[in-house]
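With chain P fixed as given, assemble chains R and U onto it according to the hints.
Chains as they are written, first to last, in my numbering: chain P, 1 to 561; chain R, 562 to 1032; chain U, 1033 to 1454.
Treat the hints as calculated values from the structure; they're not laboratory data. Cβ atoms here follow ideal geometry from the backbone N, Cα and C, with glycine treated the same way. Watch out, some of these pointers could steer you wrong.
Within a straight-line C-alpha distance of at most 27 Å, the following computed DSS-like cross-link-like pairs (lysine-lysine) qualify [to be verified]:
(1) P:Lys111 / R:Lys661
(2) P:Lys104 / R:Lys692
(3) P:Lys481 / P:Lys457
Computed far set for chain U versus chain P, every beta-carbon distance over 10 Å [unchecked claim]:
(4) Ser1107
(5) Glu1123
(6) Glu1170
(7) Val1255
(8) Asp1256
(9) Arg1264
(10) Pro1317
(11) Pro1332
(12) Glu1340
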Amino acid sequence: MSLLTTLARLEAVRGGRAEPLATVRHRHLSERPMVLVPLTSAGEDGAPLAVLLGTDRDAPVLHIVPQPLNRTLRSEFLADLAADLLPYLESFGDEVELVEGSEKDPETGAKSPVVRELCADAPQLVVPNTGGVRHLALLGRSTRFRRTAEDEDPGPFPAPARVPLLGRWLTHLAERSAVPGSSLLLPMTGLLARHWATGQSHLEDQHLAALLAWHAPPEGQTGAEAAERAETERNAEGRLVRPPAGPTTDPVFDTKVLAPAIARYDAAAAALREAEGPGGGDVAAARQAVRVSVDRLRAVLRAELLPAWHDVWHGLDLLRALPPAGHLAERWTGDRWSYTGHRDRLAAGEPPQPRVDDAVTAARKLAQREREQTRLDVQEALDDPLAMAEHRLSGEAFSGVVTEVVPDYDTTGRSPKPRPLVTVRTGDRPHADPGREVHRVRAAPGPEAGPAPAAQKAVIAAVDPEEGTVTVRVLSGMGRKKEPEPGSLPEPGERVTFTLFELTVRQAAPLPDPDDTPWTHGGPPGAVVTVLPAVTGTDSGTDTRTDARTDTGTGTAEDWE
Amino acid sequence: MSSTEQTSPTGDPGGPVADPPADPTPGAAADAAVARILEATVRPAVGAPRGVVVDSPPGAGKSTLVVRAARELVAAGERLMIVAQTNGQVDDLVDRLAAKAPDLTIGRLHAADARPGPEVLRHANVTPSDKVAELAELDVVISTSAKWQWVRTEQPWRHAIVDEAYQMRSDALLAVARLFERALFVGDPGQLDPFTVVGTEQWAGLSYDPSGSAVVTLLAHNPQIRPHRLPVSWRLPASAAPLISGAFYPFTPFRSGTGPGDRQLTAAVRPDGSALDAAIDRAAEHGWALLELPARHTVRTDPQAVAAVAATVRRLLDRGLTAHSEQGSTPLTADRVAVGTAHRDQAAAVRAALTKVGVPVDGAAGPAVTVDTANRLQGREYDVTVVLHPLSGRPDATAFHLETGRLCVLASRHRHACIVVARAGIAELLDEHPATEPVQLGVPVAFPDGWEANHRVLHHLSGHRVRLGRS
Amino acid sequence: MNVSTNAPLRGPAEPLAQRLAELRGPAPQRSLNARALAALAANPGCHRRAVLDAAGVDKTALAARLGRPAPFGRSPLALARGVVFEARLKENGYAALLEPLRSRLGPAGEDGPLLVPDLLRSSGPAVRADRTAAALAEAAAEEHAWTLLDHPLLRLDVAGSTAYLEPDAVVVHGGRCTVVEIKSFPVLDGTADPGKVGAAARQAAVYVLALQEAAAALAGRAVDPDPYAEQRLPGSPRTTVLLVCPEDFGSRPTAVPVDVRRELATTRRQLSRMTGIERLLAVLPPGADFDLSPDADGAPVRSTEELEKTVGTVPAAYSPDCLSTCELGFHCRAQARCGDRVEQLGRGVRGELGSIRTVGEALAVARTGPVGDSGISSGEDSEDDDGDGSGADEAAARLAYAAALRAEALGRPHPAGPEGGR
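Isolated chain P (complex conformation) (with noise of 0.2 Å):
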């Protein structure tokens, strides 16, 4: 945690309540984001007890498994999430822009210009913790491979017909959450995280209700005394009155509460077994009494997960209070360029998502991510002053005001480059040894910036810690003639800030393709998976190692150029 970080905790201890860690909104939000509130059985992480989901904040939909082991179950739950999941992710697949690129031949590496379709917008899946996120992924993990009544061999247990695509899509979007900056499919809890600080632990943080009750704790309390109460607070029965948000339950409410309900639709629906079965019975009177069942667990599940679907829209609310940083739209294209592409291997039939990365596809997808790590950093620090506080407390970045600006020139070439110098005053002490590189920050935070000025570069020139000055030889950014371009340096007085890292994100080495998987790593892949451990069989998936692609696009257009 860095020192910024703690101090704005020790400010919220001080204080009660939530203190503000960014200024501005760093992550998308949609107009219209689906919230997922997902619950699973206690000891059966893979197995899904309930969902609550949906776009309007007053109409959630309630799926459960009445009882979690019955594959049966299973399946319908599945098929009913499938129904309401597939076609608010589908939605946004009709509408695109046209962008142009250009596509280089692998052959001849000739560039030949080309149109790709761009959805112009994406899904966005809200859920309360990152616990919510893992579980997607399993759900994902469990159903993509499943084969259905429409596949030549369904096997004993077929899966309702679109349930493999809704495990496809979730695979998706919990592989993309694992890209910084995106925002295809969210933790509540890291959102608020980013943009505030309570006066509690990072733990502490990870509950929800606790990590609100910092933000609008009631008259006369503080968000200690608030969490606190969100944490542990109890009514007559004993049940919490702030459940977890999930996926996991509490244990008290499966005692007092969901065991004795799962058992008695266990009773009700062997008593239609056997009222169905040779012996007969009042088929009617059973019916009834699994719909009675099924309904209370219902009812107690809805009220378990209320509570959490509340708190997750609430923390929209505040998210959506803060003003969108600047360079939101330029990550939420990534984003775009990750759902399209998506939907069009959907659409070209590809084959699902294998089990296991190969070693060219974990390289590749590493590389991503650090490359958006890099940027994401860059553009919040740019679009942000209380994260480039962060670079400026740790010696990468410095601020302050121009005292004095001297012509000088490059005379060694052919004709002479102007190679001014310029001084800022500043009360940062930035690790800035003679000679290092640093980049002018040019780009006025905010969504209304027009297009940035060009990159500036300057190196030290000189550090007078105890005037409290840098001095720096600006080396770019002055146009081409030999006096700079009007405007092009900072005048004196003018406030100023330089970055000893770059603003700019360097674009990764090429990887070899998957099928030219050199013999240091195994060869290409398709013959032998090597996982450490020994792996067996799997369960109902088939393995679909030998085609090993998968999204690798930041989404950028330059990705693909």
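Below, chains R and U without anything else, positioned relative to chain P:
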């Protein structure tokens, strides 16, 4: 820290290629190991694996081996490419190779915005270029793995040498392996692991985890490769090799090439009775000293500890020390002294403190004391080092500060003596450190554990403690 | 103090055991269960936890009496699932369990019958432990046999008293034994939740330690001081244990090896430290105890105030991790908050704050900076100023500077703006 050591429930640790059973002199043992490596590299048997891996503990002659392998490969009529990990390492290697093998033509491939250093450009047999086509005909082309990743070539090299291979990430090897048919990988498994700042959990346990070490991937996919080992450290004195070997290389021990008394530090100026001089004398005599400040929780740039480091260096230079070794006697000048820290801000604070006491720290302006972090000191060698202990003054130990490789690098840069500056209380800090590490299935356990290694080094140092209290 | 890593565990110390029993009162001694071991691993430096665990105090009951009950509980659904999985493993003569174990442990073709000796599970712990030791010795003598010890009971000497440990199973084959831990979390595509695997590895390491001690005692030798050494005595445990988990989304078991040498070394040193408990007891006033029992009239022997006071005399090393590992976590958090201590924000916070220990102190220096300083100190005068000030000044200056930057970015006033103080 990377470890290729691994056990199965039924098997025993698969060790590296065994040394001959006899106990020859260090020189003979090392020569035999080098001969085996060169044989496997230059004249591989039919059907031999495409890679040769050499584990080299600190100062075991890795650079010498690389130079020899390069000469022999070229002599055998091969074109050779060499991959190192940083520009500094590349420039070092070019400088050494150009000096030791003036008959070789050497290309220094560099990025357009990163000109090689003066030590490279002074050699007549070195051609710098940012275009590989201009270097293609030369005997040897050397660059960083980052630069090699961008190289396109019709004509791959038959041979490559990958230097500091344990510090190379698996994904970097994936990107450059297309450039060569066979390769010699040399590196020190005890130094710092490669790392990344983004999440990589989903690949943990995969043999080709892109964030892992290139050597680990290579060995997993080429099980027929059995690592060679350089068994003798020529850098570390007899006072240091047993400790470093036991603490950091528990399954692959090495020894010192010199015996007790072969290396000596003598001072022209008598001690002034201060704790600093006591520590210097202790280090001169025993190879180690622990200069201990009173226990206190401090910020990273603990001003008193930083000042103690600076004052120690000042006294080292003022006392007219001479280093006597098998290479002769040389005065201990500033360029033979290094200060190692865990963090960059600590290094900056030490540099500032040294400047204040008049010790040169800018190498461009003449002989100067090197002050750097463990990361940047990897592969470097000095006569005397002063180390600010990574756990000094810390209220908590973190995985970063406990990382085995960090302490290993800091404690193994010296030919004569190492003085560690630390606050008291590190033993207690270690004892109170929570042990709640997650465990990834299928990821070989890295040995030794940072805790054990730290405790072992500290235990040894406590026998050479000099307290710096209120005077 | 320099604690030796590998100090042998001490034998029974009567006066200490007596004192610990007094602390506990008439309640039965709580054994060193998995939760206590997890709490030990998570916070080995906490004196309060160390004393309560050594005395075998029921921390769940204590936390409830102190008004902040432990939030831990297990869902009956999870318990049922675990029971079902374990029962399935044991069907048909342990067939489902044996298959993955044999594929891991034995060369192909060695598939003699599985021996499952009766370990007298309904007897008392001492009898069970003796029976386990005898069964283990017998099985180790049979090189080619496969023996499964189902819920054996192992002894381990901890801080002068005997703790009993019950692994899920120990398999003996080829004269050596292997600890088997059965867990109900899944292994999915060869990976599993690293937090859960880590906890299982630490738990299994304690069993390996107990088995090593037993094998060493049987052979009349001491345990090798080298924490990584593989013990090779009759009946010695392997240092790689087997984790048996459901595979993927089904309930088919898979056995995965986990190397626990690192956890073993850690556990050894942590348990050896527990012998230092006498020193920790010294802070307790004479007569103070944690007696949670009711007196003859049904009223508590110790009032809540008395308990709180006694608990308060033993210092805690609170960190937010305690909330998920220690029953007293919520109590200690409330105390940390009352004490305005910075630890309430997490362990990492202190690294930035040096010797500053309270929120109030940190915020005070953030407003004003260190006395007489105008900004970041570069360590001037520290050499001759060995007072308590200089180290704190550095932290204070950084805090003040951070506060100025934060105020500037948020457009709030600050007494020493980043350009103001210079």
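To see whether the hints hold, each was checked on the structure:
no., hint, in the structure
1, P:Lys111 / R:Lys661, "46 Å, violated"
2, P:Lys104 / R:Lys692, "21 Å, holds"
3, P:Lys481 / P:Lys457, "17 Å, holds"
4, Ser1107, "4 Å, violated"
5, Glu1123, "17 Å, holds"
6, Glu1170, "31 Å, holds"
7, Val1255, "29 Å, holds"
8, Asp1256, "28 Å, holds"
9, Arg1264, "25 Å, holds"
10, Pro1317, "30 Å, holds"
11, Pro1332, "22 Å, holds"
12, Glu1340, "17 Å, holds"
Violated hints for the displayed structure, listed by number in ascending order: 1 and 4.
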